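A.B. asks: As a plain string of letters, each chain reads:
Number of protein chains: 2
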Amino acid sequence: MSLKFFKELRARDPFYEHGTILSSMASKPLNIAVKAFSEFLDTNAGDLILFKNIHRMERYVVRKLVKILGCINGRCSGYIVSGGSEANFLSLWLLRNYALKNRRIRRPEIVASYASHYSIIKAANALGLKIVYSRLTKDYKTDPDDVAEKVSRNTIAIVANVGSVELGTVDNIKEIAKVSLEHNIPIHVDAAFGGFILSIMENLKFKKFPGFTCNSVYTVTADPHKTLFTPIPSGGFFIKDHKFLKHIRFKAPYLPGKITETLIGTRSGGSIASIYAVLKFVGLKRLKKIYEKCYETAFYFYQKLLKIGKFKVYGTLETPIICFKPLTCSTDVLMKKLWKKGWIIYKCSIVNGLRLVFMPHVNKASVDRFLNDLVSLVEH
Amino acid sequence: MSLKFFKELRARDPFYEHGTILSSMASKPLNIAVKAFSEFLDTNAGDLILFKNIHRMERYVVRKLVKILGCINGRCSGYIVSGGSEANFLSLWLLRNYALKNRRIRRPEIVASYASHYSIIKAANALGLKIVYSRLTKDYKTDPDDVAEKVSRNTIAIVANVGSVELGTVDNIKEIAKVSLEHNIPIHVDAAFGGFILSIMENLKFKKFPGFTCNSVYTVTADPHKTLFTPIPSGGFFIKDHKFLKHIRFKAPYLPGKITETLIGTRSGGSIASIYAVLKFVGLKRLKKIYEKCYETAFYFYQKLLKIGKFKVYGTLETPIICFKPLTCSTDVLMKKLWKKGWIIYKCSIVNGLRLVFMPHVNKASVDRFLNDLVSLVEH
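So the protein sequences, as listed, match chains A and B. If you read the first sequence in the working numbering, its first letter stands for residue 113, the second for the next number, and so on. If you read the second sequence in the working numbering, its first letter stands for residue 113, the second for the next number, and so on.
Hints in this document: simulated from the structure, not taken from any laboratory. Since the model is a prediction, treat every value here as computed from it, not as a measurement. Fair warning: there could be bad hints in the mix.
Heads up, the list lumps identical chains together, so a pair's fine if it works in one copy or across two of them.
Here are the simulated DSS-like pairs of lysine-lysine, each with C-alpha atoms no more than 27 Å apart in a straight line [what the hints assert, rightly or not]:
id, residue 1, residue 2
1, K476, K401
2, K320, K213
3, K290, K397
4, K147, K116
5, K452, K419
6, K164, K424
7, K448, K416
8, K358, K242
9, K250, K147
10, K164, K448
11, K397, K140
Next comes chain A alone, as it looks inside the complex:
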């Protein structure tokens, strides 16, 4: 009885497999990830003694993931957390405490671009950090020259984006690192969406994400619930040297593990098991194939859209996100009409356009259906 009840309840909202969800950085979780998550639904990764093997799995998973993200010194570390917002928060919290301890700063600042995710703004508010906004280049990337202008002796971190949330643009980490090195300021990379993609893809026409191979990169956000296709919640908070974790280390007196280095105490063991499953049973080769398909679909859409000629198209396709603006009608009106036809599409507010994320559930067939509706709406 109840299973039917929940299935009916679930069916009131769209499913990824319908191909109509064009707005999401998540997709249908992989079967194997769901199985693993379900088997560990009663476990708490925050309890190191009770669930020793979850703890071991987490260490394994983090070791593999930092390696994917370019760790070569063997000292990188991190945690599986609830998502990109928590990972960004932890990174800025740690870098703030690090700076407060090592430099006499009264009014800590971060330099971040207008393309940064809103979780950076939330974290800055909570942590008492002033945000000094850096300019974007004309292709909507953080401008390293402007960052050089904006850093000061109060700057505790430079925030870079690898796969910015609205346009999917990828900052030039190596250029930003030059500024960072010169002023001795850590970089935090919000690679929630692009981190794994741009580390696992090879022979791409775009640059690989340098990640921890770049010495100025102290912390990286990269989300398994986005591009490793595990269930929600599953975020990744990674750091170039485990010794820095002491800046957010707190005693948990009643736990035999006795310390925590995350914001959240009780964490899902299922999240960790599901990443373990993807790394063990899906593997990087298969992930790479999935990403390739996402890029292929994005490129397919990109070309068709250009051909129609009624849109301004943004995005460099470094990650499979495309933003476009109708030339002959209002973006908001068009979006609402698309909603009425069942398409779930959101805006890229930065250019007041519409934004498509090409996750595995968006295939060429659904792109064709979408284009049909789009053209008919723009022409009438």
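Guided by the hints, dock chain B onto chain A, whose structure is given.
C.D. replies: Only chain B this time, still in chain A's reference frame:
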């Protein structure tokens, strides 16, 4: 193949149903909660437009839960978050921003007792709050007279515990509220463990949790993944008036919902569905019965332990937590010997004793087995 693999992997750690986990504030999730969670494993509660019905369910669930917690004005609100640590963080963040906006405070402080959960200490560090510690009474409750001494014009909140993490003690909210009213300082109640229990139980020899019936209580933490027996993650952040949420409201420009009032963006829809399932299909009467059994087992253990006469026993049994200290040997040595026998038991560091949490998976049979081992270890 893979299901067997995950089952074997899971089996390396203990299960709640073995009755050997005496340390956990969580228990085996209820079947119906697991079913609901699994059915909604691919949904994101952070996306109000895509998963409209998750959003509706969350509003329903929050309405029911604040009512349980004493809301009578119809204006209470809140969110299903990742757990007690996030809920405590959100509460202090909101109350800090509220105070900064409404009063000219330079060095914000909170008054909290030594029995507070370590998440309060973490949140205070992140949020730049000085903790002024208030004394505990001899039964390990926050001393309202000492709170009155410790509040100042910089105090942004008084933190009270309903079911303190180590001893399960319940602060006298009404007495603290007198101080609070006099100085016009909001109370945050960390009722992560005791909130639902002491609101749902009736005709108890201890006082009911006044919750939001008490005008000084601005925010309450109460965790579904503890005492509503839903899977992890599932925390509850509740507030007496929805209008206060504006103090942690941030724009999410690319989402049509456009605002967030939580720290975490992407949240598990499964968490919400599982609470919905417990409220709809289990109900308060059945929950009350489960709690009664927990108290009964705790009382059974309490009496047996007193009879043995070799322990100092702490705790008032207002919540089903008991702490005890061996009179004839070292707590640490005893704990390690108990671990070797397969018991998962942690310390109550505040009195250097051992702590038992009587969750539904701890029954009289496992208490008897535990007592047998305990006595034989103390006597030899």
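A.B. asks: If the cut is 27 Å between Cα atoms, do K147 and K116 qualify within a copy, between copies, both or neither?
C.D. replies: both (20 Å within a copy, 10 Å between copies)
A.B. asks: Between the shortest in-copy and the shortest cross-copy C-alpha distance, which are at most 27 Å for K476 and K401: within, between, both, or neither?
C.D. replies: Only inside one copy: K476 and K401 sit 16 Å apart there, 54 Å across copies, limit 27 Å.
A.B. asks: Between K290 and K397, at a C-alpha cutoff of 27 Å, which is it: within one copy, between copies, both, or neither?
C.D. replies: neither (33 Å within a copy, 64 Å between copies)
A.B. asks: At 27 Å max between alpha carbons, let me know whether K452 reaches K419 within a copy, between copies, both or neither.
C.D. replies: Result: close within a single copy only, 25 Å intra versus 71 Å inter.
A.B. asks: Which holds for K320 with K213 at a C-alpha limit of 27 Å: within a copy, between copies, both or neither?
C.D. replies: Classified as neither: same-chain Cα gap 34 Å, cross-chain 45 Å, threshold 27 Å.
A.B. asks: First find the shortest C-alpha distance between K358 and K242 inside one copy, then the shortest across copies, and answer within, between, both or neither for a cut-off of 27 Å.
C.D. replies: Classified as both; 24 Å inside a copy, 20 Å across copies.
A.B. asks: How do K164 and K448 come out at 27 Å by Cα distance, when the copy is not named: within, between, both, or neither?
C.D. replies: Answer is between: at 16 Å across copies they meet the 27 Å cutoff, but 50 Å inside does not.
A.B. asks: Within, between, both or neither: how does the pair K397, K140 come out at a Cα-Cα threshold of 27 Å?
C.D. replies: Only inside one copy: K397 and K140 sit 19 Å apart there, 37 Å across copies, limit 27 Å.
A.B. asks: How do K164 and K424 come out at 27 Å by Cα distance, when the copy is not named: within, between, both, or neither?
C.D. replies: neither (54 Å within a copy, 31 Å between copies)
A.B. asks: For the identical chains here, do K448 and K416 meet the 27 Å Cα criterion within one copy, between copies, both, or neither?
C.D. replies: Within one copy only: 22 Å inside a chain, 68 Å across chains, cut-off 27 Å.
A.B. asks: Is it within, between, both, or neither for K250 and K147, if the alpha carbons may be no more than 27 Å apart?
C.D. replies: neither (45 Å within a copy, 49 Å between copies)
The structure fails hints 2, 3, 6 and 9 (numbered hints given earlier, in ascending order).
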